[in-house]
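In case you want the letters, here they are:
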Amino acid sequence: MSIVSFSFLVFLLITVICYYIFPRKYRWAFLLIASILFFLLSCEWKLLLYLLFGILATYIGTNYLYDKCKTKKQKKITLFVTLFSILSILCALKYINIFPITLNAFGNLFHINFHFGTVSLLAPLGLSYYTLSLTGYVIDVYREAYEPQKNILKHALFSCYYPIMISGPFVRYNDMKKELFEPKEFDWNNLFQGFYRIMYGLMKKLVIADLLAPFVRQVFTQYNNFTGFYIINAVMLYAIQIYADFSGCMDIVNGASKMYGITLIENFESPFFSKNLSEFWRRWHISLGAWAKDYIMYPLLKSSLFQNLGKTCKKKFGKKIGKKIPTLLSIFILWFLIGLWHGASYKYIFAAGILPWIYLTLGEMFGEKVNSITKKLKIKTECFSFRLFQSFRTFLLMCFIWLFACAPNLGSSLTIIKNIFIMPRVGLLYELPKLPMVILFASSIVIVVDYLKYKNIDVLNWLSKQNIWFRWIILFIIIFSILIYGAYGPGYNASDFIYGGF
Amino acid sequence: MTNTKKHIIPILKTIIFSITFCFLFIILTYLMKPEDYALNNIAGFYGEKKNSLDMVYVGGSAGFVYWEPLRAYEKEGIASYDFGASTIQPEIYIYLIKEVLKKQNPEVIIIDARAFQYRDKEQPPTEVAYRNFLTGTPFSIEKAKFIEKYVRNVLKEDTLSYHFDIIKYHRKPENLDYRNNLKMMFQIYQNPLKGFYFVPKVAPITKHKFETDKETPMKEDTVEILDELLAYLKTTNHKFLFVVSPYEERESHRENFNYVERKVKEAGFDFLDANLYSDEMQLNFDTDFYNENHVNIFGADKYTDFLIAYLKEHYNLPDRRKDKEYESWNRLLPNWNQQVKVTKETIIKIMNGEE
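Protein chains in written order, with the working numbering: chain A, 1 to 502; chain B, 1001 to 1355.
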């Protein structure tokens, strides 16, 4: 069941009503039923077995680790076995094809045709999202950050709470425990705010992302035809598309969750207003960045291997550079794994992994020098024009990353970059799908909302303080712009969420 | 604030919001319906004054390019309407007749019997065939039932876009007529041709000669549809005439019609295969058709005159020409005659090789 379908809205309405009819104490149990139902309506029932396995493995593993393991060694073994059991499924289902692809590509370099076939395995809904959330949970229990959940059904709900199964966010047990299991009071405000948020998310997805998709797709599939500024335009539009798509999805997810009275963490905080790339990644897919730092980067830096490496580097290269080497290495591993998480493809490893790491390393190396040049040139940095320049620079750097992400593969992305410098043919514009003006209108709303968010203004709260006629007008504008212009219905298959596939 | 009050106000707000939304949604649904003759024909029927029609001709193109309501009115004062659209499927008849009887109390309802024959081979049910009718008819439980029964089971399609056709027609604002569409919503849109459709074309066709009493039933599901229709018609206490309008009829078609005729007559209704009277009508197979399945305006004139005579003989159809309630019909006649003249002139030019 797609969350941009009418059936999802009906599902949500029915489950919200039933949820509040259920006795307060057991509302969480109803959420578990709803989550399983959603899973079954969204993919084959057989795939539920993967999820059940993940739930059981982590439930048994964490409780055994907490209750039975006395020594550090026992705890480490239990941690390893538990993580291996869940991560092996993720790797098997998601990354199995990277081996034949690599071998075939390697063979091609030496003109040898290996012809290793790829395997098509069905992955359950939200596999990478629930696996990484559970991974974090297991590690936290190992670190004794909190006690594991003793009730297997509650543990199951934390593992498969359906709104987060679609595209995240990655949640922490500590944050979710109170939200999921504490009895929730019925609150009209939650219903209204949730509904507003869902409609806003649908507008982003159906009116912006899915209307831009055909244009972008055509340019990037026919990159030898559409050259020059068409590529530049397409990659900029892709930036808007991917943001509208992913943040739209998060709005629907957070809105749906809000209707049950459950607040999820935010995954986006106006990323396009960021001054630099570090800030951008603190504002884009926040839960992934935070998860990767907590469970990959910091443990690496704290590990004896990296501590020793730091000491050795300091001795060899001096204090300043020696300190940076282990940090940059851990950041490299972090970004490499983030790239790999995006998909078993070299373009993702490069675009979402290596390239961001190169950016950050360059920033680390030359950041101070650039700042001093700025000062020497007496460029005003505390003004709107410089802020605008900073945001635009960040946007352009991200566009370069997305150019690789939306190219068919890593090889073709190099051709696309080359084609940017080729003058396009006359009349090409007529070969592309028309971009309706409504995209501009909807994007303006998103920009205003994001700007207010950037200024720490809670738009939903602000809206709830306005007169009812004003709120309704806003809501009707959003709903009817979706109904009239949205890419839905026969002949307009709403594209899957881009991040749903990661 | 008391606990009850705490809930009553938001509930009231939700109800008012939902009603406002439904109202705006219905307006939008009508505004987004694409302008075409099928929509005009179907929606135009609902714009007719209540109980003002003495005859309704229900069917597909085998009806609305044949029967000229305004010619019948001009000549004999018969108030009638072509309630039809292309590629009609017989399973839709029950729903359409129910729609007719909600609004009108006609002396006779003519049912285009050719739909039973071509459903099996030439024109099986398609999305277009259903949408031609469903787009123009208003929301109703009967409509919903039809969609759920046939769209889901015969077309095997998702039914949502049939219930709410904005799902199908949004984002195509290029062929919309907002004024007409709003009139359709309030059921005040009037079709100036009373459902007739002009086709300024001509093509010679063959008149096949055969005589057969042999009966061949259609496919099982089509026969079931016929049985279901006849069973329903018996419950209505109205007069129904099943008609096969003239075309290039084949022997196998006639065998199907023989079967339909027997079933219809057994059910107590009238049946008329106009192909048997093509000589009496003086139909010219070189000039009176625009393809093997349809007459042009010359053929339509002859067919209408023939059917007027038949109807006058078998049914009690009043002359409405001097009735004040029908003055609007008189006002339509100059435009009608002008269009007939232009269409005929075009056809003559085609025949003379001038166009």
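Read the hints as simulated data drawn from the structure, not as lab findings. Note that this is a predicted model, so its numbers are computed, not measured. Warning: the hint list may mix true and false statements.
[As the list claims (entries may be wrong)] Below, simulated PhoX-like cross-link-like pairs (lysine-lysine); rule was C-alpha separation at most 20 angstroms, straight line:
(1) B:K1075 / B:K1322
(2) B:K1013 / A:K465
(3) B:K1006 / B:K1049
(4) B:K1006 / A:K184
(5) B:K1156 / B:K1168
(6) A:K465 / B:K1006
(7) A:K369 / A:K324
(8) A:K154 / A:K184
(9) B:K1098 / B:K1149
[As the list claims (entries may be wrong)] A few chain B residues that face chain A, going by a derived Cβ cut-off under 8 angstroms, partial list only:
(10) L1012
(11) K1013
(12) F1017
(13) L1024
(14) I1026
(15) I1027
(16) S1161
(17) I1167
(18) K1168
(19) H1170
Where a beta carbon is used, it is the ideal one built from N, C-alpha and C, also for glycine.
Going back to the hint list, which numbers does this structure go against?
Hints 3, 10, 14 and 15 are the ones this structure does not satisfy, whereas the remaining hints hold.
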